[in-house]
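A.B. asks: Chain by chain, the residues:
Protein chains: 2
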Amino acid sequence: MKSPIERYLEELHQTFSKEKSGTVASYIPELFKANPEWFGICLVTTDGHVYEVGDTRQNFTIQSISKALVYGMALEDNGRAEVLRKVGVEPTGDAFNSISLHPQTGQPANPMINAGAIATTGLVEGKTSRQKINRILNAMSRYVGRSLGIDQEVYRSESETGHRNRAIAHLLRNFNIIESDPEPALDAYFQQCSISITCRDLGIMAATLANAGLNPVTRDRAVVADYVENILAVMGSCGMYNYAGEWIYKIGMPAKSGVGGGILAVLPGQLGIGIFSPPLDELGNSVRGIKVCEELSHQLDLHMFRSNSNVSSVIRKYFDASAVTSNRLRHSKESSLIQKHGKCIRVYELQGPLIFSTTEVIIRELTVSGPQSRCAILDFKRSLSIDESSCELLLKAWRNFHAQNHCLLFSNSSHLTLLSRYFRVNLKETELPDFRMTEDLDYALEWAENDLLSTLAPDQVTEAAIPPEGMALMQGMENGDLKAISLLLKPRSYQKDARIIEVGEPSEEIFFLSQGAVSVVVQRPNGKDYRLATFSPGMSFGEMGVIDQAKRSAIIQADTEVKCLILSKKDFDQLDHTHPQLKIKLLKNLALEFSRNLRKANQEVLVLSE
Amino acid sequence: MKSPIERYLEELHQTFSKEKSGTVASYIPELFKANPEWFGICLVTTDGHVYEVGDTRQNFTIQSISKALVYGMALEDNGRAEVLRKVGVEPTGDAFNSISLHPQTGQPANPMINAGAIATTGLVEGKTSRQKINRILNAMSRYVGRSLGIDQEVYRSESETGHRNRAIAHLLRNFNIIESDPEPALDAYFQQCSISITCRDLGIMAATLANAGLNPVTRDRAVVADYVENILAVMGSCGMYNYAGEWIYKIGMPAKSGVGGGILAVLPGQLGIGIFSPPLDELGNSVRGIKVCEELSHQLDLHMFRSNSNVSSVIRKYFDASAVTSNRLRHSKESSLIQKHGKCIRVYELQGPLIFSTTEVIIRELTVSGPQSRCAILDFKRSLSIDESSCELLLKAWRNFHAQNHCLLFSNSSHLTLLSRYFRVNLKETELPDFRMTEDLDYALEWAENDLLSTLAPDQVTEAAIPPEGMALMQGMENGDLKAISLLLKPRSYQKDARIIEVGEPSEEIFFLSQGAVSVVVQRPNGKDYRLATFSPGMSFGEMGVIDQAKRSAIIQADTEVKCLILSKKDFDQLDHTHPQLKIKLLKNLALEFSRNLRKANQEVLVLSE
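First to last, the sequence lines map onto chains P and Z.
Going letter by letter, the first sequence gives residues 1 to 610 in the working numbering.
Going letter by letter, the second sequence gives residues 1 to 610 in the working numbering.
Check the hints yourself; a few may be wrong.
[Claimed, not checked] Only pairs whose alpha carbons sit at most 16 Å apart, straight line, appear in this in silico EDC-like list of lysine to aspartate or glutamate:
hint	chain 1	residue 1	chain 2	residue 2
1	P	K317	P	D281
2	Z	K588	P	D573
3	P	K396	Z	E365
4	P	K396	P	D440
5	P	K250	Z	D440
6	P	K2	Z	E365
7	P	K396	Z	D576
8	P	K588	Z	E10
9	Z	K528	Z	E392
10	P	K600	Z	D548
11	Z	K127	Z	E179
12	P	K396	Z	E10
13	Z	K250	P	E431
14	P	K588	Z	E282
15	P	K250	Z	E392
16	Z	K396	P	E11
17	P	K291	P	D281
18	Z	K291	Z	D281
19	Z	K588	P	E246
20	Z	K396	P	D573
21	Z	K20	Z	E282
22	Z	K551	Z	D497
23	Z	K250	P	E82
24	Z	K600	P	D576
25	Z	K2	P	E365
26	Z	K396	P	E6
27	Z	K588	P	D548
28	P	K588	Z	E6
Simulated from the structure, these hints should not be mistaken for laboratory data.
Computed from a prediction, not measured in an experiment: that's the story for all the values here.
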């Protein structure tokens, strides 16, 4: 099948190929050599999928688009405060080559006009022009995921004819915005404008900015994440020369254009766009570039001031332990205690990025339900990112719970390294022992259930081995029957961690658990082990395979030292004829057990598919 | 429990109360009466929760903040093109009261400077000043959810001293930007600036803009959603006077301030902020307002150019019919066919807003997996919104499937009215019959399974009544047993839609289904009916209650005309003694059936909790 998005971009390309207005830049002869028919569209997602149509592999020079990226490098090399001291961030309403220096301080109004850009290049690490341009080329190459070079002819031409820029450089020197010889900055600036790129490169650069500075194709970092918002801010307010206001109004994405015919546009968190078409309008922006972006923004609803709130869906699923319990199988008395009192164990499965506005929804819920929650569990499996402000709010919520002797538990949070680090750094030593994170939601639930039971039924836990008459499947049996079946049961012991049942074995035995705990472990579709159930003494396992004569479908392993009583399939079958009433009793108990488990599973399917 | 967010805002309020710099506006005596200590912070979420601290109920005049809102009204009353013809959208770099008219056309540079704002008020519906201000007051009242009025003293004072604004109005008349007497526009402008609001109002206004024009507290529409992005764009590029660039750089939210001491800031889709504190800096912005917003943006990571990509989680869950099937219970032959070939029925549960960048992920998946998918089901239950570009992409994907005789099915999409409308309008008459939307995912799965079985096992469907020996629970019985049990079975018929079992009844009967279909219906936690299972002829139901002696826990109803054979609990119990071998057989079959259902349910829990 052909992707409808690819087809849409092809149609767009075809439509706007007919647009013939605009003029190729001619202030240096090399730029004027560009073929006005060249036209490429490239759209790159933040997970690294590249859509490209037309002349996306044609080389051209980056020109002013470099200003935005080099601004990021200046921030990396000097920090925000120092850069802001030298170059402002206010739009001027003037043309790109206007001088716009502050009359007293000489500070250029912003880094997107030539004066600001030369000052910015001056701030990039390196004393010589070569050091500076190497720094710039290295970073740019990470942005695009390939090694970039300089178009030497364009560079020579820019350098030879750049009288105005040379004048600007000396004015900057005069005001001490550039603090030493301005020539290296100026020369590096001419070179950075002459870096040869393609439309595909532009798209990937844009997607790298959309992806918080991480190249989504190579997964290399091109720029420190914290500075991306600053780069995008100056693009947003000053990126499109004196068309910036109209651009944000109509297209609504931070963008930067160059007189080589390129436009780079960024929809933060979502996608990057690169367009290449040399003919320019009178403001110096690519004519087709603007039209294509207008069309894309309109047709694909890309305007970033459109609100697509996803805030309230941060709580993906909510349930309490009266409806869904852990996979620790409990005896009926414990089960009914949990069912009766389980509403005070509240589970919230979260999803999506945890930022202030999503975390706020969680905090609000915890604040309201907190007093009724003996234990609240936040499951982070589906939340792939968290920011510091959310960590701080969760810490405060945790303290609220802790102060009331309630418990706020985290599960599946190990991928959110910031979260656990934040807690470990900020919790007091006296608080740390009460901070609990579990690997899986199931274990968090089990912990909370045990905690609840420790209050409700402190005397339930028994360490002694269960005799045959204490087994669930033997309930209601008379003494004679009990004696008869006891003769068939063979004791067997297992070490902790031993495999009791392996997948694929024939199902030849029913196990009655007298002491210890065993777990059924299956592989999830994603390949990870998952505890399907943990059995307590008095329960039996392995009977399903004996009944439906299927091979063993899951691993059963000993969680502790384990003692079992074994009934072989052969003996089980022979009971039909030797002790039919005993067998009927056994089968009824079995059906009862299955029925109980089936009701629990159906209930869980219902809650989980809600 | 106290919300940590509330506590955080209180701390913020306390900290910045100590900030004493800035001067209360003094160009008219009424503004200078403001108490410099007044200080309110209000934060409102897009689901209408209001956090407020300090003097959030103190009245003050809205001043220039009105410019942004009135701009939206001008757009509603004239359309975008006409408004853009009269007033530009470029930042000027000049002060708020600069005249900044285009030298040839007289067009004001943007609607946030006084000249642009007076021109904008001129565009608002109404010939007289009274008509205009009524239109403005009505709309503003919807923004805040209460009836607003004008501070008459401020208005009189503004009007008496507004010589510069009067000059501007006449210049606008001179250039025909205002096409008739400028006095009504000017007078309405003075009045709009004198509207009396509170900090709480500001917060709700901001949240209304963040919520695409819908007041999140009252659920009233304040402005057409399509224009919100334009209002926010002019706020973003020109809203903070000549501090706009630095504001977007540091704080990263579209905002507007007024000399009354208010600041309104908007994080689209997420939240609105209102701050009130009268002392202003030399650019005319509230000193505390800027500091609080800087702190909020930094502490809560609110900068809108930060990327919080949530794109790839649009596919909330994926499975195929080899792992999870519909609740239509099938005989084992059909079941194993579905298990074997079910990989070609692919289910995608979606979540979050469907916008281009999320829908792109779906389209890409469908394009790759399409050739292997006999049927793909998109479930929209967790997607609360869709935009037109996503509808168009889904239409194209649907056509790709249709062209290959594959099927793309939608379930749970009835709340996305745009989607079904879009398909009904754009599908050809020949395509329409093949377009399928089902109410529940379960029915879509059943349809796809039936469609698959119609190819794999076209002869499976039987209409004749199943005799006792055809029942699943009778399998393996000898003739004598069959005769014995047949004598106990009583036939019973039901009309379509009849309730066969009601919740709470005692469990006295086992039902063997000979003809027709019955469904188990339960109530979901959300109160909606849900089909837990549909039985086919040859299956039995009602046996779980007989086994565990519980009352009936779900409704069972006849989907068609139904014929059953009934075995009473009494007869079932007596078999223990009258026909023990028959009873053993029956119990084994029962255990087998339970075990099969339990395996299916466990498998589903595993997939659903993935």
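A.B. asks: Which earlier hints can't be squared with this structure?
C.D. replies: Failing hints, ascending: 1, 3, 4, 5, 7, 8, 9, 13, 14, 15, 19, 20, 22, 24, 28.
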